[in-house]
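J.: Here is what each chain is made of, one letter per residue.
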Amino acid sequence: MANELNVDIRKWHADGPAIAAALLVPLGRHSVTVLFGPSGAGKTTVLRAIAGLDRPDAGVIVCGSEVWYDGGRGIHLPPQKRRVGYLSQEYAVFPHLTVRHNVAYGARGDSVDNLLARFDLASLADRHARHLSGGELQRVALARALASQPRLLLLDEPLSALDAPTRLRMRADLRQLLAGVQIPAVVVTHDRTEALALGDSIAIMIGGKLRQAGPIESVFDAPANADVAEAVGVETICQARVLDASAGLVTVEIGRVRLAAVDAGGPFTDVFACIRAETVTIERGPSPGPTSARNHLQARIVSVTDEGPVARVVLDCGFRLTAIVTRQSEEELQLREGEHVIAVIKATTIRLVPRG
Amino acid sequence: MEWQAIWLSLRLSFWTTLILLAVGLPAAHWLTFSPRRWKFLVEAVVALPVVLPPTVLGFYILMAIGPHSPAGKLYAALTGGMLPFSFQGLLVASVLYSLPFAVQPFVAGFAAVDRKLIEASWCLGVSRASTFFRVIVPLSVPGIVTGMILSFAHTLGEFGVVLMVGGNLAGVTRTVSIAIYDDVQALDYSAALHTSLLLLGISFLVLAATYALRRRVWAVWLPYGQ
Numbered sequence: 001m002a003n004e005l006n007v008d009i010r011k012w013h014a015d016g017p018a019i020a021a022a023l024l025v026p027l028g029r030h031s032v033t034v035l036f037g038p039s040g041a042g043k044t045t046v047l048r049a050i051a052g053l054d055r056p057d058a059g060v061i062v063c064g065s066e067v068w069y070d071g072g073r074g075i076h077l078p079p080q081k082r083r084v085g086y087l088s089q090e091y092a093v094f095p096h097l098t099v100r101h102n103v104a105y106g107a108r109g110d111s112v113d114n115l116l117a118r119f120d121l122a123s124l125a126d127r128h129a130r131h132l133s134g135g136e137l138q139r140v141a142l143a144r145a146l147a148s149q150p151r152l153l154l155l156d157e158p159l160s161a162l163d164a165p166t167r168l169r170m171r172a173d174l175r176q177l178l179a180g181v182q183i184p185a186v187v188v189t190h191d192r193t194e195a196l197a198l199g200d201s202i203a204i205m206i207g208g209k210l211r212q213a214g215p216i217e218s219v220f221d222a223p224a225n226a227d228v229a230e231a232v233g234v235e236t237i238c239q240a241r242v243l244d245a246s247a248g249l250v251t252v253e254i255g256r257v258r259l260a261a262v263d264a265g266g267p268f269t270d271v272f273a274c275i276r277a278e279t280v281t282i283e284r285g286p287s288p289g290p291t292s293a294r295n296h297l298q299a300r301i302v303s304v305t306d307e308g309p310v311a312r313v314v315l316d317c318g319f320r321l322t323a324i325v326t327r328q329s330e331e332e333l334q335l336r337e338g339e340h341v342i343a344v345i346k347a348t349t350i351r352l353v354p355r356g
Numbered sequence: 001m002e003w004q005a006i007w008l009s010l011r012l013s014f015w016t017t018l019i020l021l022a023v024g025l026p027a028a029h030w031l032t033f034s035p036r037r038w039k040f041l042v043e044a045v046v047a048l049p050v051v052l053p054p055t056v057l058g059f060y061i062l063m064a065i066g067p068h069s070p071a072g073k074l075y076a077a078l079t080g081g082m083l084p085f086s087f088q089g090l091l092v093a094s095v096l097y098s099l100p101f102a103v104q105p106f107v108a109g110f111a112a113v114d115r116k117l118i119e120a121s122w123c124l125g126v127s128r129a130s131t132f133f134r135v136i137v138p139l140s141v142p143g144i145v146t147g148m149i150l151s152f153a154h155t156l157g158e159f160g161v162v163l164m165v166g167g168n169l170a171g172v173t174r175t176v177s178i179a180i181y182d183d184v185q186a187l188d189y190s191a192a193l194h195t196s197l198l199l200l201g202i203s204f205l206v207l208a209a210t211y212a213l214r215r216r217v218w219a220v221w222l223p224y225g226q
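Residue numbers (the numbering used here), protein chains in the order written: chain A, 1 to 356; chain B, 1 to 226.
You can take every hint at face value.
Calculated pairs, DSBU-like style, for lysine-lysine (alpha carbon to alpha carbon, straight line, at most 30 Å):
| hint | chain 1 | residue 1 | chain 2 | residue 2 |
| --- | --- | --- | --- | --- |
| 1 | B | K39 | B | K116 |
| 2 | A | K81 | A | K209 |
| 3 | A | K81 | B | K116 |
| 4 | B | K116 | A | K209 |
| 5 | A | K81 | B | K39 |
FYI, nobody ran anything at the bench for these hints, they're computed from the structure.
Using the sequences and the hints, build the whole thing.
T.: So, in structure tokens, the structure goes:
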């Protein structure tokens, strides 16, 4: 209880769904909690409530031993007293100030020059904010937030205002920046790749309600219900290491299993390997002949679950792999728990998300 | 040419504008950002001088600041003087009369400031008052300047209110428009023509400046343009 942010709030909306969210964020060390869900799920409202910009209707927000909001006792601390670094979607960099004055705006201590250097802004220091690009604005906003020495960073869709190439670059950069500052962060996003690339733990919000929270892999791997499964996409997600890359093809290692995949496009070593259940093929016995698929894995069937016309087959092939096959295939191949089969995955269907 | 009246009018306009800046900025801030539901009532009161006949407004002000009114008694106790038919009384009337011409452009300026910038400032630990001066005011400069120019011009041209509250004392309450009225009454058309022409010229220049500002012709001079 002592060193975490405890959010448990409710808010009723005249238009749109009511908000109900309970969330624990560890404090005092680096961690990235992703608040994930489709647009209009109420993620931003939760973030604004934590920042003190929106007042919930009921519940509590407690940061360590400090009560920020208590509906019952009528406590609502203004944003000035909460010491959070809040980044809105468009970064809200002051257009009438230079980069340096932006960063120095709410600065505690004399960290401004350090931050300008660290965020690669020294050469832009005297430039007016309205002449900056999206990526530069984001760096200014982050540096400005950090200059006020916040206890917690709140980032609302930090990459959505950027154009596609910049977004890709900043995704990797942002994770490193967040890891470098040793301040816990809550990141709102509706983009699955962003969630995977940035988060350590994830909280899924759908229709105003927080449905599931936990370590990112466990939530993606084992969605609590159909709604969450739909929101995250039913996929196998494994932490993997890139071993080598040649001719656009890379070898990644998941545990002790090696897989061929298509290059993620960058000098990354730590990645998430995402495999959609629909793209996994199951074969019996020795391979019937040469195929175009690059990956053939020995696997043991962990479980088979019938879901209408299809069956969900969970395989153990050194890592957990989920496959979806038709009921006919299930019958023909006699897929039963404990049986040994071969899982076939095309290299092109494995998506690699860099983890910086 | 009625130099004394022109000088008086300019002084009156200057002080009115200055007072309106001090009174109008907080009022506009409240009108823009207050969550109160009944603030439309205050908006209506502030806008009243736009539609009310100046004589009606002048009559009420005369009643309100007269020697038997609470305000008049207080003023007499403090200064020993009287507000009606004095420069100070005229100033009070002018401030009320030109209030909407200052407050409405101020409100428009404040409302155009991106709310996200204000919230960003709060989250950086900067108080609401400080945010007002460091973010809202610099980003509302065109609105604020427009409000000041319009207050100045509106005060310069007032007639009905001045006549009701100030009367016609040379060097004290005899403003340009009253001087022109007097000239015409005295059939001194040539004096009226010259003074009118001057007032027309000043008014045109002031309005041209206002519209130029809105079209950001002066963006180069005002680095804080929106």
